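Can you join these two chains into the complex? Each is in its own frame, and there are hints to help.
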Amino acid sequence: MNIISDKYKTVKPEEVTVWFKAAPVTAFPKDGGACVKYKDLQIAVFNFERLNTWYACQNLSPEKQEMVLSRGMIGDHKGIPMVACPLHKKTFSLENGENLNSDLDPIAVYPIKIEDDFVYVGFSE
Amino acid sequence: MKTIIVVGNGMVGYKFCEKFVAKEESKQFKLIVFGEEPRPAYDRVHLSEFFENQDAKALEMAPAEWYTENGIDLIVDERVSDIDRTNKTITTAKDRAFSYDYLVLATGSSAFVPPIKGVEKEGVFVYRTIEDLEGMLAYAAKIKAKNPNAKAAVLGGGLLGLEAGKAVMDMGLEPHIVEFAPKLMPRQLDSRSSQVLQLKLESIGLNIHLSKATNQILGDDGYITGMEFGEDDVLDVDMLVVSAGIRPRDELGKNSGLEVGVRGGIIVDNKMQTSDSNIYAIGEIALYNQMIYGLVAPGYDMAGVAVDQILGEETLMPANIDMSTKLKLIGVDVASFGEPFMPASKGHSIIFENKTQHLYKRINVSLDGKTLLGGILVGDASDYSMLHQIFLNGMVIPEDPAQLILPAGEGGGSFGDVMDLPDEAQICSCENVTKGQICGTIESGESKDLADVVSCTKAGTGCGGCKPMVKDLTEATLKSLGIEVKDTVCEHFDLNRQDLYKIIQVKGYKTFNEVLDNHGNGGHGCELCKPVVASLMASINADTANKEYAIQDSNDRFLANIQRNGTYSVVPRVPGGEITPDKLIALGEIAKKYDLYTKVTGGVRIDLFGATLNQLPLIWKDLIDHGFESGHAYGKSLRTVKTCVGSTWCRYGMDESVSFGIELENRYRGIRAPHKIKGGVSGCIRECAEARGKDFGLIAVEGGWNLYLGGNGGATPRHAELFAEQIDNETVIKYIDRYLMLYMRTAKPLQRTAAWQERLEGGLNYLKEVIIDDKLGIAEDLENEMQTLVNKFECEWTQAINDPEMMKRFNHFVNSEEEDDNLVFVPLREQKMPEKWV
Chain Z
10 MNIISDKYKT
20 VKPEEVTVWF
30 KAAPVTAFPK
40 DGGACVKYKD
50 LQIAVFNFER
60 LNTWYACQNL
70 SPEKQEMVLS
80 RGMIGDHKGI
90 PMVACPLHKK
100 TFSLENGENL
110 NSDLDPIAVY
120 PIKIEDDFVY
130 VGFSE
Chain V
929 MKTIIVVGNG
939 MVGYKFCEKF
949 VAKEESKQFK
959 LIVFGEEPRP
969 AYDRVHLSEF
979 FENQDAKALE
989 MAPAEWYTEN
999 GIDLIVDERV
1009 SDIDRTNKTI
1019 TTAKDRAFSY
1029 DYLVLATGSS
1039 AFVPPIKGVE
1049 KEGVFVYRTI
1059 EDLEGMLAYA
1069 AKIKAKNPNA
1079 KAAVLGGGLL
1089 GLEAGKAVMD
1099 MGLEPHIVEF
1109 APKLMPRQLD
1119 SRSSQVLQLK
1129 LESIGLNIHL
1139 SKATNQILGD
1149 DGYITGMEFG
1159 EDDVLDVDML
1169 VVSAGIRPRD
1179 ELGKNSGLEV
1189 GVRGGIIVDN
1199 KMQTSDSNIY
1209 AIGEIALYNQ
1219 MIYGLVAPGY
1229 DMAGVAVDQI
1239 LGEETLMPAN
1249 IDMSTKLKLI
1259 GVDVASFGEP
1269 FMPASKGHSI
1279 IFENKTQHLY
1289 KRINVSLDGK
1299 TLLGGILVGD
1309 ASDYSMLHQI
1319 FLNGMVIPED
1329 PAQLILPAGE
1339 GGGSFGDVMD
1349 LPDEAQICSC
1359 ENVTKGQICG
1369 TIESGESKDL
1379 ADVVSCTKAG
1389 TGCGGCKPMV
1399 KDLTEATLKS
1409 LGIEVKDTVC
1419 EHFDLNRQDL
1429 YKIIQVKGYK
1439 TFNEVLDNHG
1449 NGGHGCELCK
1459 PVVASLMASI
1469 NADTANKEYA
1479 IQDSNDRFLA
1489 NIQRNGTYSV
1499 VPRVPGGEIT
1509 PDKLIALGEI
1519 AKKYDLYTKV
1529 TGGVRIDLFG
1539 ATLNQLPLIW
1549 KDLIDHGFES
1559 GHAYGKSLRT
1569 VKTCVGSTWC
1579 RYGMDESVSF
1589 GIELENRYRG
1599 IRAPHKIKGG
1609 VSGCIRECAE
1619 ARGKDFGLIA
1629 VEGGWNLYLG
1639 GNGGATPRHA
1649 ELFAEQIDNE
1659 TVIKYIDRYL
1669 MLYMRTAKPL
1679 QRTAAWQERL
1689 EGGLNYLKEV
1699 IIDDKLGIAE
1709 DLENEMQTLV
1719 NKFECEWTQA
1729 INDPEMMKRF
1739 NHFVNSEEED
1749 DNLVFVPLRE
1759 QKMPEKWV
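Here the protein sequences come in this chain order: Z and V.
Here the first sequence is numbered in our numbering, starting from 10 and rising by one per residue.
Here the second sequence is numbered in our numbering, starting from 929 and rising by one per residue.
If we strip away everything but chain V, and leave its shape as in the complex, we get (with noise of 0.2 Å):
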């Protein structure tokens, strides 16, 4: 048995394990793997991670038991000191000898840190491993005490810089990044991309120095206490974190006689073999190309081809590597990919940048027009995953290449059907998965729909990023194979919610098991058709959610929010947001008795937090008193109409946005609909209300009320889109009733007016034919649907408040008066909050 011997438990180092075990040939060799380190490798590019949970365990790629179930010896805290390369064999620090017959150097590379004078100063830390973090816990703690603003730096804006920047911030220390280049993240970014990152990381509290070169670092009594840039140029700081790049761990080879480059690194052709054909070097160590690859992705290819080499099969490492990268740097999205920087002669560039929201997005395209060659992402890197396929497979872009990268509402479009990327392709990175797969799994006729895909190949499971990609990928493959992809609500109903609300409609069902026995298929119900079915009855019969309360969903049930810690928030209706001195006393007294935390909310409600589930009806009763009712803020319903001031008290004001806003607010409040509704009424084009950002939204002009339609703040901002101009208060009213329920009736289950309005086909101008000119003859039932909603609104806290029956449901214990004990709350700025979540 031939035995192989791995130096260095990285990441490539275990990866090269990891790839070895799963071939059916490795069996003959013995596999013997050293690391340095006291534990087994782990994840170094989510160290940053180690400081939110201190658990290295869970950066660890494999248990150690891993190695044992897999027959490899796995010896740490053991330096490999030398290698025979006449005898074929290494000698550790512990003077211990071992034979191989081949040799894999995984040994990486260590911090490099400038010979600048006064480095050696306690105080000063690379950022590396485990221990190297550890040892910068325990410093941080130690200044802090000392003293509570204590500030420290780190040297290098690079990818790892950063990344260290977020981890001292964490540590609660005032975070500087000093870099020497003119620009952050040099190799990835160019100087307007990494301006705008700049921006986004001083906004959340990284102070940012660029274009400084570090002359001595300052100390007493062999402490940093500075560092010193010019003459008169000094940062004091009391801790320094050395990110400035990594230098080869190449002694070993060096000192076997293998041959290494001028700048490091042991040198090694396609087959990652050294001049030693007995010797493979792999990651960081391996200068391949005249290049060092700092980045763990090349490292794995380069684990496969040793791998593969070794058992005898003819891989080679490609010539080009593909250094794109897609991050989350302290929450910004960062990513290049192809040639990120590339000279005009080349190609051209289209660059999109929004400073305030913190976006740049950059593509490089041929100067054909053809292919995209490279690009930059920072603030979102949704695109990422289309554009970095489009450029692995170099894929046919749009005439306009624009489209690539230019939001969906200003003139970009979904570009790309996934259909067209090759099996290859990958779809989701977190958990490997690549096109082929998904479909391969659908095609075999192992999975029958999304989840089933999810749960074969795990796609998704990780971050979730490529969902959208997954599903589109199912239901095309579904759709190819003739299988008919259902829109049916869930299992236990072969009808979309569109034939639901028909059949309800018609049939006159009153309740869940009456729909369900008539029409469902078997079964008893579950989380995602009983809300459905629940809000049907209520948009067609007008029902509150108490007449069925166990069929409504969590918020609804107890006609409250469920938050954080299983205790509800209440927000009365206050329409329009005007509310008078005595009510606001009221609801302060209110929160003040039952010890609320009180925050004015996004939608200008106000919102009483903390409510545990017996007070809820106690809160009610008080607040109803007072003038209140519920605010819905629950429901899938109308939520809020926000307005301006309006022509009531601003000096620019055009129109009465107040008194008009509290009229549409009394007038859809309550109705339930596929998704919550938002509206909006500003009394000029200064748009104080944000009215465009809102389901539907009215801006007062000369002549009348010019009305938006399908706008949406949620997770996929858009603006609403003019629909009508200079109409009159009544024209606003009969537009807004026929667009609601023509939602209500054709909406799938939670989809927002704006995703509705986007796929509606014919778009915009099909609504208008439908609401304005009345094209389909229906406009007259929408309206008048809308109006037996609107005269059978009732109070749904009144309602429970004085119905003993509908009260049972808000005792924590049926069977005893006290209240949940598992609470637990912690103070904040003088209210009070959950405890954190572990």
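The following block holds chain Z by itself, in its conformation from the complex (with noise of 0.2 Å):
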């Protein structure tokens, strides 16, 4: 199953060669996520309404492979961003990817800009 995960690698703002114009924002709930198709991947975009920053992570959890991390809730854990899975409420910074409350792999995190109203997620190909 790790076959799926390989697929899903950070890429760094500077990497980005190619910005994917995914959804307007309406598209998306006020502090909370949706999840974006983007060739064979799904992403997780999140609205983070209350930092005025938007994030993007890989949709699956690493933790039994479902493509979830779209519906689960984010917040903050000690002032980090996070999504929280809606399977089983593992943990996982939205900045770095990095699993907060467990010793999962970390999940794959993507970068984000809007704009005129437009959310687009940055690849790296």
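Hints should not be assumed to be uniformly reliable.
Covered by chain Z, according to a simulated footprint, are these stretches of chain V (three or more residues, beta-carbon under 8 Å) [to be verified]:
id, stretch
1, 1447-1453
2, 1490-1502
DSS-like, lysine-lysine: derived pairs with alpha carbons at most 30 Å apart [claimed, not checked]:
id, chain 1, residue 1, chain 2, residue 2
3, V, LYS985, Z, LYS16
4, V, LYS958, V, LYS947
5, Z, LYS73, V, LYS1604
6, V, LYS1049, V, LYS1072
7, V, LYS1736, Z, LYS98
No wet-lab data here; the hints were simulated from the structure.
On a predicted model such as this, the values are computed, not experimentally measured, just so you know.
All C-beta atoms in this analysis are idealised placements derived from N, C-alpha and C, irrespective of residue type, glycine included.
Structure follows, in structure tokens:
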């Protein structure tokens, strides 16, 4: 099953070569997430309105390899913005993907930019 | 530099190395370890897990690199064949010689194969090493290919034999356990506990044969086909695993002239020294006190003694060795400690037995009733840690020792304050963490709360069984340091649920952010506080989960239950369990249309599984069109009111349980509470609705209903308590309204009514005073609040599908109509299920 997770690699802002125009800002709930499809990737995108910041990560929960992270609740853990997996509440940093309450592998995170009320996710290929 | 040679790289040999390198003085020694198996030491205790994953690496005590990193020469796949004590050298089977200053024998034991005629036949195995297991697996595959119903027997019903029984069962063979003694685990259990264990194992599918002496192994062409016990007593089997005990591997010591016992084993003193002072023996090779200790814990202690002795410390092996064990055998808890059996002249035994639940508990108490001497637990060993601690530390026991083992609801109590334990008491046996370490990390200021304690000490990260003890210790230590133990919902609020309830009610807040901005401590919320506030808003304002869906818990957010593969299950309400044939047909047709797996749930509703996010609204629409509504099976809210047939049809029925159950279910549907709530209504004392296992339960009796409150069928089952007798329908509703509202106002997040009621100061009497006598003068307010919620009920599914804005959340992708392509289903009994988790 690791074959799936191998598709998801963290992209740093300086590595972005493609800005994918995902969906309008209004498609995402405030202080919540939704899922974006890009080629064969599923990307969870979060509108962290309280921080006035957007985050993106793989939709795949590394715990049981299910496509569910976009449906998780967001918030912060000791100041670190995070998402909690809806299956068993494992939490991951939205900044660097680190698993905050267990020892699971980190998840991949992606840069986001907003232009003209549209959400763009950054990929490197 | 002096050289130590360790012969044997099993669990005890490894433990010697581990304890040795942990000592500063060890740097003055060179350590060489020989193992005859092809791999480094592995956890033989959990050998049967090898069948589940066939991953030898997972059983490793430490990887090969560990030895290198610690400067140890590990030589595997090479047997030591000779010791020259005069010249202090050893020779290996590969004819290599090495000199030593100290020699540590940790050669362990081998499986004992009794001299039964025919035991040399093909298909007879021992259960000892990974190689043995691999041989069994290959043979099992071969015989199964010939005969899918192939049988395997295990000779020996001891601890290891039962593990082997599970192993052959996992291989898909019909498992038989053959034991010579009249009971299972003869060393650990008495005959009554053996009977309880036998019933449990048989219910899982193991065939148990006791008091069987095997005369010979039958077979054709050198292959095993059966076992013969008596002339006409034969068991056909295709494979046999011998697990009839162990024999110490003492040939090396014996050949070099070390003193050995009559029945084998190298004699050692309390320094673990053999008759040659430069040679130590530890583990199952060592004969100490005329005994071979076949448990890993004494072996580890012996390793520690040998390390200390070689490094010049005066550690000695204690005269009495604790043989207590607790294990999960084939999913069944089995534990014994101290003296499990005892002559009547020595003390009294207290026995609690429940064969239908496969439960047996026995404790042995001294004649004066003051000390605990030992005991046996089968089926539920959750009391083991505390009992073992009481035994080890000679702690005072209650005047009525029965309280130590009786279930809480039946006269037993939570005995023993964790703070009374000595510092060296082991709390977490998986990670080897003592009470002293847990309290110490708080006292030193390193840990400030439970989460810190867990991350500092690793306590509770193994099986998790000690978590409640760790929590109690943490809170008690914090309190003793004068630190207030906060009962707050999470790091984002310095308030508990009750405070938040009052604040939201008085201030009239409508959104999570309002509450957080005005009363939070600067953070942004999390998966703990968001659902709490969402639930409170619902309890106070009768908001449905649609209103602010991003703060709802996983299930409420999508108004369905998220299941194993991220799909959802849908449960329409079937009030009281009464359903028309047309509605039944509609459920079946809808399930068929969307290819859903259907099952009648434990709460007697029909559950439709396997719906993808985007199918949910379509399914709800079809259900609503056929007269269904949301069953709230996803919420912390009323799930079901289970009813029996009642006087509607039943020839014994005293009252109309169905009608009243429907009325109650419709009254409390959709109401959000700290946890889920269930009800039950039985039409007579035969109690077919199991109402006393519910949060509120009714049983019809002559002259009205008996009302029971605070039952729970969850992780800690508890019968509801009788609250009022022979009351009419109107009074029932009045009391339940008051009860539920009081619970919703004052319980902690995710606290069930049972736990809430148990911890309520004043207990059931206090509840009666408040609810029946209206001691606080709030009864009417509680009723009014409940009535407001009842009046405001709205079906969340209907609400969602009628509002395009709310519907936005039900697409898997926001930029595509496609579904999740990661989903895999496999067939199961003419339906489907998610692929197994890796």
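Hint-by-hint comparison with the structure:
Judged by the Cβ-Cβ criterion of 8 Å, the stretch 1447-1453 of chain V is covered by chain Z as claimed, because 3 of its residues qualify and three suffice. Three residues within the 8 Å Cβ limit are the bar, and the stretch 1490-1502 of chain V against chain Z gives 4, so the coverage statement holds. About 26 Å separates the Cα atoms of V/LYS985 and Z/LYS16, which keeps this hinted pair within 30 Å; it holds. For the hint linking V/LYS958 to V/LYS947, the alpha-carbon distance of about 14 Å falls within 30 Å, and the restraint holds.
With a C-alpha separation of about 26 Å, the suggested pair Z/LYS73 and V/LYS1604 falls inside the 30 Å cut-off, and the hint holds. Restraint check for V/LYS1049 and V/LYS1072: the C-alpha separation of about 18 Å stays at or below 30 Å, so the hint holds. Annotation: proposed proximity of V/LYS1736 to Z/LYS98 holds, straight-line Cα distance about 24 Å (limit 30 Å).
In the structure shown, no violation is registered for any of the earlier numbered hints.
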